[in-house]
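S.K.: Sequence:
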Amino acid sequence: MSKSRLAVSVLPFVAAVLTACGSPAETPRPEQPPVAETTASPLTREAVEAAVFETVVAPVEGQPARPDAATARAQILLDRANFSPGVIDGLGGDNTRQAIAAFEKSAGLPQDGVLDAEVFRRLTAGDDGRVLTDYTIADADLAGPFIGQVPANLTDMAKLQTVGYATPLEMLAEKFHMTEGLLQALNPGVDFGKAGQTIVVAAVAQTELTDDVAHIVVDKAERSVRVYDAADRLLAFYPATIGSSARPAPSGELTVVGVAPEPNYTYDPDRVSYDRGDRKVIVPPGPNNPVGSVWIDLSRDTYGIHGTPDPSKVGKTFSSGCVRLTNWDAEQLASKVKPGVRVTFR
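In case it helps, mature numbering (1 follows the signal peptide of the UniProt record, and there is no 0) puts the sequence shown at residues -25 to -1, 1 to 321.
These aren't lab readings, by the way, just hints derived from the structure by calculation.
Just so it is clear, the structure is predicted and the values come from calculations on it, not from any experiment.
Yeah, the Cβ is synthetic: ideal placement off N, Cα and C, and Gly gets one too.
One or more of the hints may lead you astray.
[Said to hold, decoys possible] Simulated pairs of lysine-lysine, BS3-like, Cα-Cα distance not exceeding 30 angstroms:
1. K169 with K291
2. K169 with K80
3. K150 with K169
4. K313 with K169
5. K313 with K291
6. K195 with K150
7. K150 with K134
8. K169 with K288
9. K80 with K313
[Unchecked claim] Label-pair restraints from in silico Cβ distances:
10. P120 with Q181: 20 to 26 angstroms
11. Q38 with D116: 31 to 37 angstroms
12. A82 with P314: 22 to 28 angstroms
13. Q172 with K255: 25 to 31 angstroms
14. E36 with L184: 25 to 31 angstroms
15. Q38 with T182: 32 to 38 angstroms
16. T185 with G156: 44 to 50 angstroms
17. T230 with R96: 19 to 25 angstroms
18. D87 with P120: 27 to 33 angstroms
Please put together the full structure from these sequences, using the hints given.
M.R.: Printed below as a string of structure tokens:
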């Protein structure tokens, strides 16, 4: 993922983020059973490109889920249409279901969130481009710094110069909105730390939204963020982690105060509620920083919309009150918001 600076307004006091939202301690939210599954297709480049919706089959009890070619193709098409499924994994699940439901609403279809033949037809009719592409690993991709294992606590994070990617594999997976597992499955035996190798990746790009953001709607029950322009047209749909029972997200109307790309994260025990020690700690920027690669500051103290160090957990864990998106979704949103944009929590 590109770490280029976003062309947005950044207020000085936003640059060092102080928040109750970046607690590394999270409680998993149970994943709902899949609503439907396609017949599993072999996960090869050819299978993904040619994938069509097939007869629904029941999952085999006790067997680990396997990435499916048709699901991977649908997720990439949803991502490109700005109905984000979160991280592309070829497995589906709640985030994909939510994205499909949002797509169905926009297409005038019944909103059941099921990847069925009609949804698949609409997705592929609207975008018949290849869903996978070649990418050659460059020296710049391997420049790092890569930090190996990400520290589990804030004190150790604060000792680093940057909370960077752990490995080239993690960086490349996030660059193309994929899980490491899916990237490895499409490139068996590849050494992702070797420059000059050509790998197969999802054909996604960090595209800008088509217009400036005028209104953001945070749906706590749905665990989603919808973004609208001044004419109330939907610009994007994102899955999100939003608060918890212990520290719920706010309700009602807030506004955007400013945006901080590549923020620090400041833990101050005098101002936050979760117990992560009794000393103030400042964690340096980086994609594995507790608030990810960007912070959108809101008009209630310590609350914001931000990225995440673990995109696979978006929508599947609880947060400490704020709104957590994947880094790439948060960056896309941040590039089109300005101070004063209305944010509705419902």
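S.K.: Next step is simple, just say for each hint if it's right about the structure.
M.R.: Verification of the hints:
For the proposed pair K169 and K291, the alpha carbon gap of about 33 angstroms is over 30 angstroms, so the pair is violated. Restraint check: the Cα-Cα separation between K169 and K80 comes to about 44 angstroms, which exceeds 30 angstroms; the hinted pair is violated. Straight-line distance between C-alpha atoms of K150 and K169 comes to about 16 angstroms, which keeps the hinted pair within the 30 angstroms bound. Between K313 and K169, the direct Cα distance comes to roughly 40 angstroms. Violation of the 30 angstroms bound is thereby established for this hinted pair.
Taken as a hint, the K313 and K291 pair is honoured in the structure, with Cα atoms around 29 angstroms apart against an allowance of 30 angstroms. At roughly 28 angstroms between alpha-carbon atoms, K195 and K150 fall within 30 angstroms of each other, so this suggested pair holds. Distance hint between K150 and K134 is fulfilled; the C-alpha atoms sit about 26 angstroms from each other, no more than 30 angstroms. For the hint pairing K169 with K288, the CA-to-CA distance comes to about 28 angstroms; that is within 30 angstroms, so the pair holds.
Our distance criterion of 30 angstroms between C-alpha atoms is met by K80 and K313, whose separation comes to about 27 angstroms. Separation of P120 from Q181 is about 22 angstroms and conforms to the stated range, judged on CB atoms against 20 to 26 angstroms. Between Q38 and D116 the CB atoms are about 35 angstroms apart, so this pair conforms to the stated range of 31 to 37 angstroms. Judged by the Cβ atoms, the range 22 to 28 angstroms given for A82 and P314 is violated: they are separated by roughly 34 angstroms.
Checked against the hint of 25 to 31 angstroms, the pair Q172 and K255 fails, with Cβ atoms roughly 44 angstroms apart. The hint said 25 to 31 angstroms for the Cβ distance between E36 and L184, and at roughly 42 angstroms that hint is violated. Remark: the range hint 32 to 38 angstroms for Q38 to T182 is upheld by a beta-carbon distance near 37 angstroms. Taking the beta carbon of each, T185 and G156 are about 32 angstroms apart, not inside 44 to 50 angstroms as hinted.
In this structure, T230 and R96 break the distance hint of 19 to 25 angstroms, their C-beta atoms being roughly 40 angstroms apart. A C-beta distance of roughly 46 angstroms is found between D87 and P120, which places it outside the suggested range of 27 to 33 angstroms.
When held up to the earlier numbered hints, the structure conflicts with 1, 2, 4, 12, 13, 14, 16, 17 and 18 and fits the remainder.
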